[in-house]
Amino acid sequence: MSPDILDEAMEIWFGPQHVSAHGWATKLTLVGDYVVECDPNAGYFHRSAEKVLEFKNFRQGALVLERMCMLEAFLAEYPYVAAVEKIAEIEVPERAKIMRTIMMEMSRLHSIQFWWGQFNAELGFFTMALWPWVDREYSLDAFEELTGSRHTVSYSTPGGVKYDFTEKFMKQLHRAIDRFEDRLPKFRDMQMGSPTFRARTKDIGLYHYKQGLKWGLSGPPIKACGVPMDLRKDDPDPNLAYDMVDFEIPITENPEYPGSSDALDRMEQRFKEAEVAVDIIKQLLPQLPESGPIIDPKARAKANRLPEGEAYARVEGTRGVTSLWLKTLDKAQTAYRAKIRGPCIASYYALKDLVPGSKFADFIVIFGSLDPYPGWWDR
Amino acid sequence: MSTIGRAVINKIPEITSNALGDNKIELIVPAEKIREVITIIEEELEDAMPESVFGIDLENDQYQLIYIFWSWSTKTLVQLRVSLEGEKPEIESSCDIFPGLEWHEREVREMFGIDFKNHPDPRLLLLPDELDGAYPMRKRFTTDQSRLEESGIAPPRPRPKPEGGDSK
Amino acid sequence: MSVLLQFDFWQWIQGIPQWIEGILYWIWGIVKWIIYAIWDFILWLWATIFNADNFFFLFRAVLFPGLIWVVLALIWAVWGTRKLWGRIQDRRGPFHQGKYGGLQLFADAIKLIAKETIIPDKAKRWMFRFLPGLLLVVVLLPFAFIPWDTVSAVNGGWAIADLSVSLVLVFAFLTAVPVVALLAGWVSGSKYTLIGGFRAANNQFAAEIPMIISTIGCAFLASSLSVFDISMAQTNVWFAVLLPINLATFLIAAIASVGIFPFDAPVADSEIIFGWRTEYTGIYFTLTYFAEFAEQMLYSALIVALFLGGPNGLPFLPGPVNFTIKFIVVFFFFVLVSSSFQRLRQDQIVKYCWKYLLPLSILNVIIIMLAIVYMPGLMLPLLGVG
Amino acid sequence: MGFFSVLGDIYQIMKHTFRQVFKRPFTYFYPFEDRIYPERTRGRHIHVREVCTACAQCVRACPVVAIRIDKEDKKFEKDAALYFDYTRCIFCGLCVDACRFEALFHTPVVDLSEGDREDLIFGPDKIETLDRDPLEWRGRRFR
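Residue numbers (the working numbering), protein chains in the order written: chain A, 1 to 379; chain B, 1001 to 1168; chain C, 2001 to 2386; chain D, 3001 to 3143.
One should not assume that every hint holds.
[What the hints assert, rightly or not] Under 7 Å between C-beta atoms, here's a sample of chain D residues computed to sit facing chain C:
1) I3013
2) T3017
3) Q3020
4) V3021
5) P3025
6) T3027
7) Y3086
8) I3127
None of these hints come from the bench; they were simulated from the model. None of the values given here were measured: they were computed from a predicted structure. Using N, Cα and C, we set each Cβ at its ideal position, and we do this for glycine too.
Please put together the full structure from these sequences, using the hints given.
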């Protein structure tokens, strides 16, 4: 930057303690109301998960990964389980595949509902912040009924799932879905129809999907640009039941700038993702066989000591591609090296090139619309 | 072999490649050729997304660096494997080609000590300042293992048991 | 005759009692002076308080429509807002203290007063301490000119005071509030409060002009600048019926200059933590927090007085009761609006206020002028009967 | 610009918030009312010493090593005393799965709060029974 601007610039820390800094610290250089330079730095949530994974056996590892993102626990723990199943060649019974997919779509739904509330709270609208969180309580009750814990569910293990669907759980599952569906038109009015929301998010944080891909963005921030990039269709996982469902990858077109997205499109995109998630659940529920094994009996023995090998398992999380690269030595009880890749670092560091030029109040909107979750990156 | 694999091979013959799955390919790349391979990937592989860069410590100063790229339009996953040795191995930084790799490279630098030459801002990414030179992800960095015996997992390297046989 | 000694020792001795007597008289004079002073003070106090009209004026100023009534209404307003926000956000408001959380406000007040008041080291100490008090005073003073009763203050009504130009005086006080906010933001020394202070001033420029212009309509129709006369002119038809656009622009401009929800930039808690009030803790926080609610109450009282006919309403109810019912309805509308919209950016606030509110209110003034000149009959019912 | 469509939107929003004012709120009075916890809730543990055979599988299965076993302190012929350290426990349920003799259960009691850290280590006496010293507040008994 030219020196004369620098001397009147004001450096302000959007520090870790800030109300809506999501646990990261960003140093903004402001000239007047405009952000001139944005320097994101992470590391306040670092729990050295990859080092911890080297001391956890293969039935405990999923717990570490699940705490990377408590919001989508079913989706977060799955890459570890899939990597172990790939190395140990464990088959998963049909019923467990469907149960896993249903619970992963439920966790996607409630993670999107949480993000709704958080994004509206950042825009200062606490009414619409708490309404989605009320609907989310119904799915949390369903999780607690099924697995015994609302967030840290630890549901899938190598070889299948731990708990079976009970009658009460099915009732609560339907209640959560119906509650989401009959409040959706009301939320559309309050959200997309609100003039202040459109004023705050139109043409804010605009980027082309090619630039987004170069930053490493994936998931909703790219699908909002009209690009159907979704692992559920591009790289379907054998141990999940996405091939049993015919669904369309939801994308949002931006009329003025084709191929790119702004904060309004990203909100519209998440509306569609929630609807597709509910649609998948509805298609899968009748295909669930009444009875049958939910875990491969030999899996527990196989998962104790793994042969030598490397595996790379990925899943389409709510915030993007979530993956785990696992390497094990021969007959080892613990992983030799486990690399967790979360989607949120790309969205946080994309701010470095995305925010300069916009106003100070828009930094929050861009930051929130990319749905960053510090647990995913700082590990 | 997928098109990208053939494209890279005929440009730089000494790269060996093996297929990992139907649409995944792995290329073993010598350390000094890494920038060329990545520029080829950037041109040839359409819609390439840099997923991650990470190191593996194979003890006695043997390291491996793995780059992963995913292109959703051609549905191919390219995994480059670079092996390095030495106390503080060196490699060129390729974050000007893919800006997404910049923070992954910073993390590998602070965790493994693999230095990326001419990296734009080589600060620490995740670690506090006290752990600047400690490189915690190396196997040499021992953590507090006071209650490891109770935890039921054998120590990471199976030590030969004095009384033989696997008692646990 | 004996020889006169230079110094007649005996006469000197006889003089001592006189001297002592003089001292005693002197002391007695001081004591009398003190007693008389106290007595005069008591007489003065008795005269000012228990004199017929003075007592009544003091009662009105301090007790009913004055200080105690306004502070109680303030506490009720804060409690009502928190309960209403709760209900709108699908949760219960405060309920632990008192029957329906009624004592929650007193619990908060006691806790906040007991809390330590931290003064940041970069802050200007004296101004930092002085401004919250000034802010609350400036906001509470205009309540003196609100027409609580149909009978005017001079001949025995419940209103406190009235001037021929009380509308202008109320706006003089109200424009001072954002200036105090700007000063408080600059004086507390942190970057966030500085930005908050500038935003408060910016909000002021945006909303001040449309607010004042939209009250010109009422002044025209009542042909006087006193709030009491304006509310008295609305005995049989409320100005809200005659000037709906003025009511709308005044309402929106009032919301903007108070700084609540859609125009919430000065205290945007997700961007600049708590705006210009971030550094205030303890008693200073209470003062500024109450000042914001007092300002909301003041604007809703103004709307009731200027547009909804103030004390005239149901004939069998006394004036203040009518006023309070309308006041509660308008305050409910304020809370409803403040919990229905996202927050606008600062430059959008200024753009909307100047691009939509200002031309609308000026257009309204022109319409009123044309109506008065070309429709002489319009003014007859108002003035003839009034 | 659709000035009147904006007014229409604003009316819609205000209608929603106004109607919400008169609905029953979702929250309840926590210490006085509480929701029914499902029976699979992973709360604090109960150790049944009659069935326990001191095989220490639970100690090995715990990812955070929160259980300490003391084999000498026997109440029945083959059991052992367990010390649950609730400052470390993450309530993952692996110890209950690992126990083949069904000597360890979860209970839906999740409100564990103590004065200092030592009380959070539940020794053999505290881990077997659910009743704790009663907590009185506002004339209601909670524990």
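How the hints compare with the structure:
Checking D/I3013 against chain C: minimum C-beta separation of about 5 Å stays under 7 Å; hint holds. Interface hint status for D/T3017: upheld, as the beta-carbon distance to the closest one in chain C is roughly 5 Å, under 7 Å. Because the smallest distance between the Cβ of D/Q3020 and any Cβ of chain C comes to about 5 Å, under 7 Å, the interface hint for this residue holds. Of the supplied interface hints, the one on D/V3021 holds, with its beta-carbon coming within about 5 Å of a beta-carbon of chain C, less than 7 Å.
This hint holds: D/P3025 has a C-beta 5 Å from the nearest C-beta of chain C, less than the 7 Å allowed. Using the Cβ-Cβ criterion of 7 Å, the hint placing D/T3027 at the interface with chain C is satisfied: the shortest such distance is roughly 4 Å. At about 28 Å, the closest approach between the beta carbon of D/Y3086 and any beta carbon in chain C exceeds 7 Å, and the interface hint on this residue is violated. A cut of 7 Å between beta carbons decides the hint on D/I3127: the least distance to chain C is about 33 Å, and the hint is violated.
Of the numbered hints listed earlier, those contradicted by the structure are 7 and 8.
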